[in-house]
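> Chain by chain, the residues run as shown.
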Amino acid sequence: MTILDSTASGLAAAAEPAAAEAADEHAINTGELASWFQITPLMIILALFFGLPMLVVLAVSFFDFDRSDIIPAFIFDNYTDLFRSEVTLRLYLSSLKFAAIVWAVTLILGFNIAYFLVFHVRSLLWQIGLFLICTVPFLTSNIIRMISWIPFLGRNGIFNQALEGAGIVNQPLEFLLFSDFAVVVAYVHLFTLFMVVPIFNSMARIDKSLLEAARDAGAGRFRVVAEIVLPLSKTGIALGSIFVVTLVMGDSFVVRTMSGGQSASVVSALQNEVAALQYPPAAASAIIMVIIVTLMVAGILRLVDVRKELAG
Amino acid sequence: MEDKRPWTFYAFAAFFTLFVLFLYGPMIVIYILSFQGPSGGMTFPLNGVSLHWFEALISQTRVGDIAGSFQRSIGLAVLVAVITVVVSVLAGLAFRRRFRGSAFAFYFAIASLIMPGLFVGLGIALTFRLLGLETSWFVSGLGAQLTWTLPFGLLIMFAILGRFNRSYEEAATDLGATSWQKVREVTLPILLPGIIGVALFGFTLSYDELARTALTAGSENTLPLEIWAMTTNVTSPTLYAVGAVTTIVSFIVIVIALSSIAFIQRRRALGARGELVTATE
Amino acid sequence: MANPDGSGEVAVVGVTKRYGETVAVKDLSLTIPHGAYCCLLGPSGCGKTTILRMIAGHEMPSKGDIRIGGTSVLGLPQIKRGTAMMFQSYALFPHRSVLDNVAFALKMRGAGLSERHATARELLAKVQLEKFANRLPPQLSGGQQQRVALARALITNPRVLLLDEPLSALDEYLRLRMRGELRRVQKELGITFIHVTHTQLEAIAVADMVVVMANGHIEQAASARDIFVAPRNAYVTRFVGGQNVLCGVVEGVSDGTAVLTSRQGARLAFPIDGRQPARGAELYGSIRRDRIAIEKLPAGSLPPNELNAIVGEVHTIENQGSYVKVTIDLGDEEEFVAHMVDDEFFRDPLDIGDRVVARWSASDVNLLDDGLNVRPAMPMAAAAS
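Residue numbers (the UniProt record's numbering), protein chains in the order written: chain B, 1 to 312; chain S, 1 to 281; chain R, 1 to 385.
The shape of chain B in the complex, shown without the other chains (with noise of 0.2 Å):
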């Protein structure tokens, strides 16, 4: 994970050349121990709350167990259930494919929003407002957006209801609920902010004369796009992959409300497992997980550098 490596320190170096060096013997580590101090209330809520947690999370997941309780021990049945059972695949293949097809969309329709706030909206208070406008929901609860789909999607809903009222369909849609599609329109209403937020702001960063270079050289609308916008804003498409990409695969509440309980996923099976005290086995589904989740963010770092994107 070098690529992030320097986006701390690069932030620290872009703000104070001087402080650091080793060199300087009038400069005593007043400037190291300041910073130490003001990043150990942090360090200390994120090692109770965060760090120590997840260790025992590690350590349970080689646990045994009984109905009622969990037995300290050290054996690797959890993990060998979890690779010896079909349903895992399963699992991950249904997470991935939701993964997918939800990055996808929100990628497409990210990048056009983005596209269309940064080169089309000329008036900065237009560019400002609209930006908001896609923001606010993101501050509003998700679970109120994703239940305010059901009177939109129901065999009784407003789309079916308009669908008949046109006389397009005779019978309400029977799969726009409780469905798999259901799952994904929530996803991408719930996480298409993710993929806008972070493209929007490297496309901010693109010069608008370079645009005009390259049409003023004969390229086309579509050439430009290909050959100078979508190359300098992928870092920002990076950074909304992962965001994206990170927050389908850990999901579990989508799943289960807007499947209707049809389809699962990785995490909502691990709940199931919680809600039944079945700890050690859930947690070598976590530790899994966790194991999957990062190598994809690796691969998306390893593709692009998203360092200036962080820092700026």
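Hints are computed from structural coordinates only; laboratory data are not their basis. Please note: incorrect hints may appear among the correct ones.
To be verified - List of simulated lysine-lysine pairs, DSS-like, C-alpha gap at most 25 Å:
(1) R/Lys80 <-> R/Lys187
(2) B/Lys208 <-> B/Lys234
(3) B/Lys97 <-> B/Lys234
(4) S/Lys182 <-> R/Lys80
(5) R/Lys325 <-> R/Lys296
(6) S/Lys4 <-> B/Lys208
Stated by the list, open to error - To spell it out: a stretch of chain R is covered by chain S in this simulated footprint if at least three of its residues, at any positions, have a beta carbon under 8 Å from a beta carbon of chain S; those stretches are:
(7) 68 to 79
(8) 82 to 89
(9) 103 to 111
Backbone N, C-alpha and C fix where the C-beta goes; we use that ideal spot for every residue, glycine too.
Given the coordinates of chain B, assemble chains S and R onto it according to the supplied hints.
Only chains S and R this time, still in chain B's reference frame:
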């Protein structure tokens, strides 16, 4: 003559409008349906207009403890916002210097941010269980939410500090400010709009949080957990009424935060008129 | 203050500044007398701003000492050094009124509201900005902001004012006006000004003393007039402009004049000011652009066989109003420019591509150090044998 916009502008504008409809349409529909008449159902048509479902929200015990969970959620969100502001502003300032361990601290925070929320909740729940502690929304729940709001706040601080001109602080030191005076009189006031942004994110991320809180809230639910429970057993427009109320709260917070940021920025850009401003203390 | 009598003599003593592997300033020593207007001049990255920031106390030297009024100020907080800094961006606090910006130092010192506002108003009056006391900085124009920054820096009664590219954010017109203003204020206050700039004419226009820097060391520190008329080496000559660099191989020396042959075969004469360049040594000199006479060379005529006359082709012509800048291509890399008085030029205008002879008098040539440094003149005894 104004130069003409290309046809693609109109295509994109139409596309954007559709997206906004997609974003807001369903939400608006449930706000309308929350005013459904007493005999109305979960979808159109409206059987009259009433506040019946809002009343049901307060009176009906069957739907659970909406009022109590609402209070808890607001309290928790305020707590999270305050802690997020203090801790992530401090941490943001720390990253302006290079220090041993900074790369580790950065990765640790990012890992905490992208870790699936339910796993964090599971870990905290297991930890509390092994330590023989009771989970509760104001300890384990609070901690679980902070693993998400603090890294978020830190990233926002990076963005804010990246635009902050160091010369302001150097000028303050030149003019005799002590470190503390410098932070209080110059750094924090200049960063204030960004800090309000951090608080806004801290509040709303907590107020709407579900995955991390689900296994860590203990016996008393927060509002999103209460709503989550309702989705499985409530089949009346009460659900929409809850949605309308929570969203109104979110909007109030957003409007307060954004307008105070806008007010500060405007004041700085334009200022109040000439001599009318009394010197700020 | 470290120095109550307030001498603003600034001494940089053997200072080196390293950033990791990079050396920004190399063992540099410089003394700026009390009450001088000193310009640190050089291209970006030459270390001039680092020097300024070390004097201000925003950076620590890796080695060496900084003294103000004879006392070392290393480790002293900024306010105790008696320096004040004007930042390139002015760094006016955007959330405070102009008056509160100016009064900031007094507030830090714990002065009461009425006292500090009274003092700040006096200073604002000095820079003619009383009317704007209650405005916020972003509401002011660039020139007004600069005056506020000046007033804010002066409220601490500094002995040394440090200015980091103070004019670079202004447009051409204001820049010319403000540099005169800065010079006037400096004379009035009688304190030391140290002004960092990359603009040659700005330095020459305002400074008593100009320090030309390159790659972390000083190329020449001298009065503005000397920097212009008697640059020390080819680097300074080329950087300051105003003169052309000449170069040739020594053929012979007589009567305090060296006769040289340039690479193009032209014969040059340099005054050698008592130095003893060896035959065959490469010697550098400079000639002011406005001391060169240009004459068209009729087609087919032979180049003149005289000293200090070189032939070339007119490359560019720029009318500067009172004079015309003519660039002549001599067939090498060196830019050769002549400034012709407008009347003279327009009597018989030149055209691009014309072949011309440039002539000057040997006494106008300024000998540069370069050749002498690279191949030092032989000791007398060795030369005689």
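> Against each hint, give a clear statement of whether it holds in the structure.
Quick rundown of the hints versus the structure:
{"no.": "1", "hint": "R/Lys80 <-> R/Lys187", "verdict": "holds, 24 Å"}
{"no.": "2", "hint": "B/Lys208 <-> B/Lys234", "verdict": "holds, 17 Å"}
{"no.": "3", "hint": "B/Lys97 <-> B/Lys234", "verdict": "holds, 23 Å"}
{"no.": "4", "hint": "S/Lys182 <-> R/Lys80", "verdict": "holds, 16 Å"}
{"no.": "5", "hint": "R/Lys325 <-> R/Lys296", "verdict": "holds, 16 Å"}
{"no.": "6", "hint": "S/Lys4 <-> B/Lys208", "verdict": "holds, 18 Å"}
{"no.": "7", "hint": "68 to 79", "verdict": "holds (count 3)"}
{"no.": "8", "hint": "82 to 89", "verdict": "holds (count 6)"}
{"no.": "9", "hint": "103 to 111", "verdict": "holds (count 5)"}
Of the numbered hints listed earlier, not one is contradicted by the structure.
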